[in-house]
Amino acid sequence: MENLVQMALQNVNMAAIMPSLVLCCFGMFLLMINVFMPRGKTTAASLISLLGLAVTFVVTLRAWNHPELGFAGHVALDNFATFFNVIFLIAAFLTVLMSDDYLHREGYPVGEFYPLVLFTTAGAMWMASGTDLMTVFLGLEVLSISLYVLAGLFRGQLRSNEAGLKYFLLGAFSTGFLLYGTALLYGVAGTTNIADIGFYLSAHGKMLQNPMTIAGMLLLAVGFLFKIAVVPFHMWTPDVYQGAPTPVTAFMSAGPKAAAFAALVRILILGLGGLQADWSSLLWMLAVLTMFIGNVTAIYQTDIKRMLAYSSIAHAGYALVGLVAANAVGISGILFYMLAYTFMNIGAFAVLVLAGKQGEDNLTLEGFSGFGYKRPFLGVAMSIFLFALMGIPPTAGFAGKFYIFAGAINAGYIWLAILGVLNSAISLYYYLRVMVYMYFREPQEDYGWVRMNPGTVVSIVLAIVGVLYLGVVPGKIMEMAKMALF
Amino acid sequence: MQDYSLIWLIPFFPLVGSVINGLLGKKIKNEKVIGTIATGAIALSFVVSCMLFFRLLGDSQKVHEVIIASWMSAGKLQIDWGFLLDPLSGVMIMVVTGVGSLIHLYSNGYMHGEEGFYRYFSYLNLFCFSMLMLVLGNNALVMFVGWEGVGLCSYLLIGYYFEKKSAGDAAKKAFVVNRVGDFGFLIGLFTLFWALGEHGIWTVQFTKIAEHAHLLPAGGAVVTIVTLCFFLGATGKSAQIPLYTWLPDAMEGPTPVSALIHAATMVTAGVYMIGRMNGLFAMAPDTMMVVAIVGAATAIFAASIGLAQNDIKRVLAYSTVSQLGYMFLAMGVGAFSAGIFHLMTHAFFKACLFLGSGSVIHAMHHAYHHAHLHDDPQDMRNMGGLRKKMPITFLTFFVSTLAIAGIPGLSGFFSKDEILWWAFSSTRGGWILWLIGFAAAGMTAFYMFRLVFMTFFGEQRTDERAKDHVHESPFVITLPLIVLGLLALVGGWIGIPKALGGANHFEHFLAPVFEHTQEMFGIHSQHSLHAYEFPLMGASIGVALVGIFLAWLMYVKNPEAPKALVARFRWLYVAIFNKWFVDELYDGLFVNATKRLGRYCWKGFDLPIIDGIVNGAGWLVQGFSRALRFWQTGQIHGYAMTMVIGAVIIVAVYIV
Amino acid sequence: MITVGHYLVLSAILFAMGTFGVLTRRNAIVIFMCIELMLNAVNLSFIALSSHLGNMDGQIFVFFVMAVAAAEAAVGLALMITFFRNKETIEVDDVNLLKW
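Chains as they are written, first to last, in the working numbering: chain A, 1 to 486; chain B, 1 to 656; chain C, 1 to 100.
The shape of chain A in the complex, shown without the other chains:
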């Protein structure tokens, strides 16, 4: 008996979940102290969560090149997971920085916001490091459930309610598909361990074309494609992004998307590598559709948050191109792109946080008239982020697209790369339109005095540094992304 317990404990290896463990501890600690905090005082909570994220960051970095396997092979803290963990932490850090002031301005200084962000991040980490469909599923659900709450955080605001409810119903619905796919794969391979599924399939080649395997793979993919916001599972994105509180949208567009990519890449490459011909042809089509529909629909938007939501759909499409290529350049391109996207998109949302008035009714194109002259710093910052989103050199967006498209060309998908470039050209219309309003229109209203709150400004500056660093000298990070491949 004693022997058994010992064995079980040996198998556990806490080091494998150390980063998420630290986050969860901080999260629970925050939940507890929130009880004792006076209502409406959240600054302390935000500082503690920043501290938590920083500590986790250190813990995470220590894991680089020191892979750990834990929980009987259910969790692996390999370089792949660590790279993604860094992305999640950066996303969470930038989000928390911009949130405190925002929550006060909008009249919802709820301390629970911060632990929820931390739990979401922890969930994302499990998705990235889960080597068993079970752990991945748990991570996905921890992440999703926290996000449902975050999206609906502004209880008195109908928009936020609606965002939360829509996200919840559709998210739960997609979970059904994901689970069904898992069950089918389990039925085929007799295990839920991703690597074991891969071994099983390569040992039993004829099972590859079994309808149950293929259906399982496809339904499983649906669940992740929903989170990534790939057409036709993207419909929730614009509504939820528009309705959710802006920092939450910022976080949602970067962290969970990256997490879903991490899980999808691991499952498709390690577990279902034998079916590559099938899934890459599927993703080829979906990538094109996603880029196209995201970019084209964005053209007609007048609400900037909603426009960025469509743009985020399009960016999911670009990143998917890397998975279609499925070679070293393409996959490490995805890792790079997710990092770049985290910086540029969260940066853009941080500008929106400062640009918005209470209620945020002015976050429309018209509301941005002359913005660049009235608020020069924010105008320049927004321009940099928009350029990065357009993919204009030398910003992170260009380097990211370059790697991904180079990967596609290396793998012989030249048409996919050309369609990608064509889509980038289309995307210029709507990104540029924001700049036209910022710089070529007379201001139509008084911007009033919005406090340049230090947290948000720091987050913008960090994002600018990230965007430019990744754009000018991406080599080092790209090397690391390559080392992160399994």
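FYI, nobody ran anything at the bench for these hints, they're computed from the structure. Some clues are possibly wrong.
As the list claims (entries may be wrong) - Some but not every residue of chain B turned toward chain C, in silico, with C-beta under 10 Å:
no.	residue
1	I201
2	T203
3	R629
4	F630
5	Q632
6	G634
7	I636
8	A640
9	V644
Stated by the list, open to error - Here are the simulated SDA-like cross-link-like pairs (lysine to any residue), alpha carbons at most 20 Å apart as the crow flies:
no.	chain 1	residue 1	chain 2	residue 2
10	C	K99	A	L158
11	C	K87	A	G359
12	C	K99	A	K482
13	A	K482	A	V458
14	B	K32	B	V19
15	A	K482	B	F54
16	B	K164	A	Q157
17	B	K467	B	D379
18	C	K87	A	L158
19	B	K388	B	H366
20	A	K374	B	E115
21	B	K76	A	G475
22	A	K374	B	I655
23	C	K99	B	W631
24	A	K206	B	I655
25	B	K76	A	M483
26	B	K164	A	P443
27	B	K165	A	H66
28	B	K76	A	E479
29	A	K374	B	I482
30	C	K99	A	G475
As the list claims (entries may be wrong) - Ranges between beta-carbon positions, derived for each pair:
no.	chain 1	residue 1	chain 2	residue 2	range
31	B	S166	A	T302	43 to 51 Å
32	B	G219	A	W415	39 to 47 Å
33	C	A73	A	G205	36 to 44 Å
Note that CB positions come from ideal geometry on N, CA and C, so glycine has one too.
Based on these hints, arrange chains B and C on the given structure of chain A.
Below, chains B and C alone, put in the same frame as chain A:
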């Protein structure tokens, strides 16, 4: 072995200037300080450029690559932040920094008192930075950085007077049209990258491309497609048929901007790019022919439009389009160094012409301002007789006009004649190309002298109240004019052809870049035709003189003549005056079609019209966008249904 | 003789019924119940497969699914209540502020 490691300073100075003025300009406020920072930055790069250029002149090794840092690597592909200094880029940096410095200086006077003074200089420096990256980049991606950068700065500067709706529209038009070109550039680059990759060569570095280009079948489909895509990029940036329409509208920007960006530097980027990839283009004779034909057609087409414009800047704009056509003609017939030569002389005389016109506009504007009039300061019909009021401007303008008209001894004569000679005698040329260029030369002489006569000669037609307020511009404005005028006068002497007893130093200097290609593909002027060289030269001088004479006859001797002519050939005049109705054609084909379609399909939906969608693809995208938007109903059922249908289709496709 | 195939077919039917319910019902709570039905259909598959394959992974998975479903229910009902407070309805047809 000479040291060229300081080359990064050349683009670095303007970048720093731009950042300083952009971030602190609003606080500095003092125009002198701002102007000095910006002008100093570009002048410093000019100094460094001179240093390196003369080092290169004395160096036996003519091609140098300086790698600053590694940029990106993808698979076997390694891309650096690297610079390439060879005679071609050497000439370009001299032109960009030299003319750039003069125009910065000029801008100090011209933009005096403008509200966004710091903004203007910040953009202008940023433009110089991008342009220098474009010409110095040692690989296609660094070039693309510059390519995008100059497009962006051009966009910002055209829209500088954004309070004017026309300026904003012109800026958007320029940007959108340029995107079409950029798209071509990128597709060309990708295809080339992939095609060479098929042979195991992963590179975008110019020297390596040139080295390995022979792996692709010469004259084959791949090379032709690649080069055509690149050429599409060039037509966008360099305003050639069919993508030229943005350039005349770009005159909405401040005049020094027109001089720097839309005459001397940015618009020549396409020519430079073809020169840079000459090896590749030479492999695709079909593309070369397209380049030559498009160039010749643009030259004559734009020149004909220039015949009837009354806005002084528009005449010059069409003249620029036409002269760029000459350069492409040169590239197309394989006369690479002649094309670059014309690029350089054109930079001198056209910058001088633009700055001169700016000086005139400046003076007219002030006069009208004094007299509280709102007449158009750019309309030549309100000018005349300014010769005596603005002697320096007149003199420099006149010299440059002689140069562009092709009067022997001036810079334009040598370069243009070289091009015409090659068009006639090159193994890739033909007499018909020469004939078109020849006719365009006559028209050029005519419209340029028409401009000079209408502006500087005859009676002053300015409103009485403003007449006496027209004065010569200050020294900061006239100094660059004088320098450029001198260059327009003597700039061609470094390329006097052998036939005239010169040594054609220019061609020798550029030989390391082009000679190899020309020898490999047998591109040279045919010996059997050498007897024609002098007669042809005589003919082009003759046609220039005829053009000048006609202009004199119609605008000085007998000012009533144009009216009679117009009355006689009404239809022709109307067609030319309205720029052959190309804008209307584009509008009719694309814009109106969109509107009609929109009304048809979406009656009752009062939806905002998209800004910036003027080109052909636009309306398609727009329609899709409208349609797709309505898919997003906001109903959870609809969303869930989409997911289910999507999943069912996917599963069905893959299982069945 | 009831084989694993029967269970799987039953599970598929239940899953389809759940999906159909999601697509047709209008009350958010009923929709959520349909989603629960889908999850339970999956659970059924897991248990049937687990006993067929003779390993415990599937049954453990079911526990996780149930735990997660419970957490989801808590959050979901809370979201519906806040929505109801603001709009006095939980018909999903009325969840239509954000669109286009």
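Quick rundown of the hints versus the structure:
1. I201: violated, 49 Å
2. T203: violated, 46 Å
3. R629: holds, 5 Å
4. F630: holds, 7 Å
5. Q632: Hint holds; B:Q632 Cβ to chain C Cβ min 5 Å, cut 10 Å.
6. G634: With Cβ-Cβ at 3 Å, under 10 Å, it holds.
7. I636: holds, 5 Å
8. A640: Since chain C brings a Cβ to about 5 Å from B:A640, closer than 10 Å, the hint holds.
9. V644: Because about 6 Å separates B:V644 from the closest Cβ in chain C, which is inside the 10 Å limit, the hint holds.
10. C:K99 to A:L158: OK: C:K99 and A:L158 at ~14 Å, within 20 Å.
11. C:K87 to A:G359: holds, 18 Å
12. C:K99 to A:K482: violated, 40 Å
13. A:K482 to A:V458: violated, 30 Å
14. B:K32 to B:V19: holds, 17 Å
15. A:K482 to B:F54: violated, 44 Å
16. B:K164 to A:Q157: violated, 41 Å
17. B:K467 to B:D379: holds, 15 Å
18. C:K87 to A:L158: Between C:K87 and A:L158 the Cα gap is close to 8 Å, so the pair holds against 20 Å.
19. B:K388 to B:H366: Given pair B:K388, B:H366 holds - Cα atoms ~17 Å apart, limit 20 Å.
20. A:K374 to B:E115: Holds, because 14 Å separates the two Cα atoms, which is no more than 20 Å.
21. B:K76 to A:G475: holds, 13 Å
22. A:K374 to B:I655: Violated - the C-alpha atoms of B:I655 and A:K374 are around 58 Å apart, more than 20 Å.
23. C:K99 to B:W631: holds, 9 Å
24. A:K206 to B:I655: Given pair A:K206, B:I655 holds - Cα atoms ~15 Å apart, limit 20 Å.
25. B:K76 to A:M483: Distance ~16 Å between B:K76 and A:M483 Cα, so the pair holds.
26. B:K164 to A:P443: holds, 14 Å
27. B:K165 to A:H66: violated, 60 Å
28. B:K76 to A:E479: holds, 13 Å
29. A:K374 to B:I482: Cα-Cα ~40 Å, so violated.
30. C:K99 to A:G475: It is violated: about 41 Å lies between the C-alpha atoms, which goes past 20 Å.
31. B:S166 to A:T302: 43 to 51 Å: Violated: the Cβ-Cβ distance is about 24 Å, outside 43 to 51 Å.
32. B:G219 to A:W415: 39 to 47 Å: For A:W415 against B:G219, whose Cβ atoms are near 24 Å apart, the range 39 to 47 Å is violated.
33. C:A73 to A:G205: 36 to 44 Å: Holds, at about 42 Å.
When the structure is compared with the earlier hints, violations turn up for hints 1, 2, 12, 13, 15, 16, 22, 27, 29, 30, 31 and 32 and for no others.
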